[in-house]
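J.: Same order as they appear, the protein sequences are chains A and B.
Here the first sequence stands for residues 188 to 496, where the numbers follow our numbering.
Here the second sequence stands for residues 3 to 456, where the numbers follow our numbering.
There's no promise every hint is true.
[To be verified] Examples of chain A residues toward chain B, derived with CB under 10 Å:
| id | residue |
| --- | --- |
| 1 | 251 |
| 2 | 357 |
| 3 | 358 |
| 4 | 451 |
| 5 | 459 |
[What the hints assert, rightly or not] Taking CB as the label site, the calculated pair distances span:
| id | chain 1 | residue 1 | chain 2 | residue 2 | range |
| --- | --- | --- | --- | --- | --- |
| 6 | A | 348 | B | 394 | 38 to 48 Å |
| 7 | B | 265 | A | 348 | 11 to 21 Å |
| 8 | B | 265 | A | 410 | 52 to 62 Å |
| 9 | A | 274 | B | 264 | 24 to 34 Å |
| 10 | B | 77 | A | 256 | 53 to 63 Å |
| 11 | A | 342 | B | 265 | 19 to 29 Å |
| 12 | B | 103 | A | 410 | 40 to 50 Å |
[As the list claims (entries may be wrong)] Okay, the calculated bits of chain B under chain A, using three or more residues with CB under 8 Å as the criterion:
| id | stretch |
| --- | --- |
| 13 | 94–101 |
| 14 | 119–130 |
| 15 | 208–220 |
| 16 | 264–272 |
| 17 | 408–417 |
| 18 | 420–432 |
These are calculated hints, taken from the structure and not from any lab test.
Cβ coordinates follow ideal geometry from the N, Cα and C atoms, glycine included.
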Amino acid sequence: VTVGAGALRPRSPLVAGPLRRNAPYLAGLSPAALLLALFFVGPSLWAFYTSFTNMALVGIDAARPRFVGTANYERLLSDPDFATVLLNSLTFVIGSALVGQFVLGLALALLIDHAERRGYRAATFAYAAVLLAWVNPTVIAGFLWVAMYDFFFGSLNVGLGAIGLGPVDWLGSFPMASVVIANTWRGTAFTMLIFLGALKTIPSDIYEAARVDGANAWRRFWDHTLPNLRPIAALTLLSITMSTFGTFILIQTLTNGGPGIRTETIALYAFHEAFRSYAIGYGSTIAVVMLALNLVFAVLYLRWSRARA
Amino acid sequence: MDGQRAISRRTLLKAAAATGVVVACAPAGGPAPAPGGGTTGRTITGTVTVSYPDELGKKPPYVQQAADALKAKYSGLDVKIDLQKIASGDYYTKLLLALNAGDVPDVIHVGGDRIGELADAGYIEPLDAYLAQWEDWKQYPDAVKSGVTYQGKVWAIPYGLDTRFLYFRKDVFEKAGLGTSWQPKNVEDILAAASAVKSKVSGVLPYALYAGPAGDSGTANHAFIPLLWAYGGELQDSSGKWIGDSPATRKVLDYYARAYKQGLVPNELLTSTKPWTAMREKVGVTGDLALLFEGGWVYGGWAAKDKAATEKNVGYLLHPTASGGPSFTIGGPGTVWYVTAKSKNKDAAWEFIKTWNSKETVAKLNVEDPHPVARTDSADVAEFKAEKYLVDSTESLKKAKFVPPDPNFGKVLGAIQKATARAATGEATPDDAAKRYTDDLKQALGADKVVTQQ
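Work out the full structure, taking the sequences as your base and the hints as a guide.
T.: Here's what the structure looks like:
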């Protein structure tokens, strides 16, 4: 950007002041904006358009797609499965993002930060272990948990068998809990990393002063650590809520939405309608609703972060 | 950034992008006009691309053989083979996206039950003009021809037909006190046998009854449809409308509910990815599953591992009915070769299909990957006749019922998956699941194409 900034400055005196002032920034932003438009805004608009058609991958609707007005949206609202799917998504987000990844990630960050400040060597290993869960491709993470939960050969049931218990049909009997645990394991590292970074920005002398004032560990955490983490917490929550809302590969690998639709989340439902039932129009409708819900989350979190920060 | 988020967003974008592609490239009209007069007098040159999925490894040598024969016959022709080593269901989705985008191979290889929806979408080419000049077409029985005929035209050439059997483990049945020559009198006998296995033989799963989306098309073809027929029901009425809630539908879903509730079927069938892989292995090889209704072709994998043990331990039977009427099975055209409508070299594509479907190839491939042969003359080939199992399989087709080619089959499959999952998980009572089956069918097909029966 520094190289291009001077060269790209508009020469014409007719160009309005603000545009001229902002030109270097606009030039710098335009590649990102272009990519976003190409790969996000464009497809979103297509999905929006498609959601008003009966487009399909097979059959007569594939040869001659037509506009169906709001029929897809009406169908979605009267779809008895959709309520279940929304509830599943909510349970999954609250369970694995808010309770799992957020709380656990924060706790791990505090522990590791504390250990590092004290100079414990083992902190590095703990850090690496959490990070390993995260650097795996999601499909691999999914298969790792399949290997854990499998009824016949899974580590959990083999372990239970060794002490004369089980076997337990984990994915069949506790499907939501199973995917929540797997996704918590998978995503905790992200929250932990962010909070670790944030914790390092809190100057040590604040704690020194608090200690001199006689504050105990809990008070120091409550009065100094937590307020300092608030802005970053809002952004972290936003980011993990959205990613968990859109999580798809992990659940697909583990349960494929089953049994029945007990772990079918909205992202999976959109995929299944579009690429298993080949109803592109209806699948797009679900995707559009999902996008709208994500926007609602984004607005809520951003407002919350501004109010508190 | 979080890898998980990156991937899930990318997947969504792909979905969105695909929908864009669909709009841009959807063909304007129906199928392209049929070829003028077959291949006589034309020179076959250029390139022809043959695309097919295969995981088993039996087909590739024969595809190569046909390609080589074709290249030897036509010096100006190049045959490109696009072998996709993925499951046929995954291949189908990939292929549909390619067909929709207009990026098409000349020859494709998909289940014959998809003829209706592929033809309606304008993806495939009718073959009647070619068949008129193909001497060998008379070797195909009328029943086989009708299985690949849709709207009065023939769209594909089958080679190995589908039949299905109720497999049972003789060694397990012996231990359960059922004997090795067990014959179910009716469908209840299947559940009774499964109960006996459950109570008397430990460490063996009694029964696998596919349900829900996890079972893929097996949920319909290997479970719901044969049961529906066993209870005297039909998929469609005489006017071609799909039957939702009916006495038979309720009985099938009740059968599901009982089988799962009594713990005769492992719940993990509802969640595993491709559960049939494990179930086939268990009934045919390791012997820790007692009962399974499955494709006739899976027998080949077991026999290839240990023929003597398979013959000794695995019994195969037709499907019983509820009333004790004559047993039956569910037949199908199997996987078939199609010429794509957008192919730029249809004559060469047809030449490939013709070469592949020779008497010898059809016989030999079906010995290795056991299916009843589509050509009657292939049944006379010595290697085929020597296998008792193949002769029995071919014989079973005389008692087979076929699912008629219908463009809505794929959508009906989705409704069947939902209904069976609801009954199996106990999410809905059998009666409610049957009612919601009607709703799902209406939702997917339009209310005017669905009827109910009291």
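J.: Where does the structure disagree with the numbered hints, that is, which hint numbers, in rising order?
T.: Of the numbered hints given earlier, the structure breaks just one, which is hint 12.
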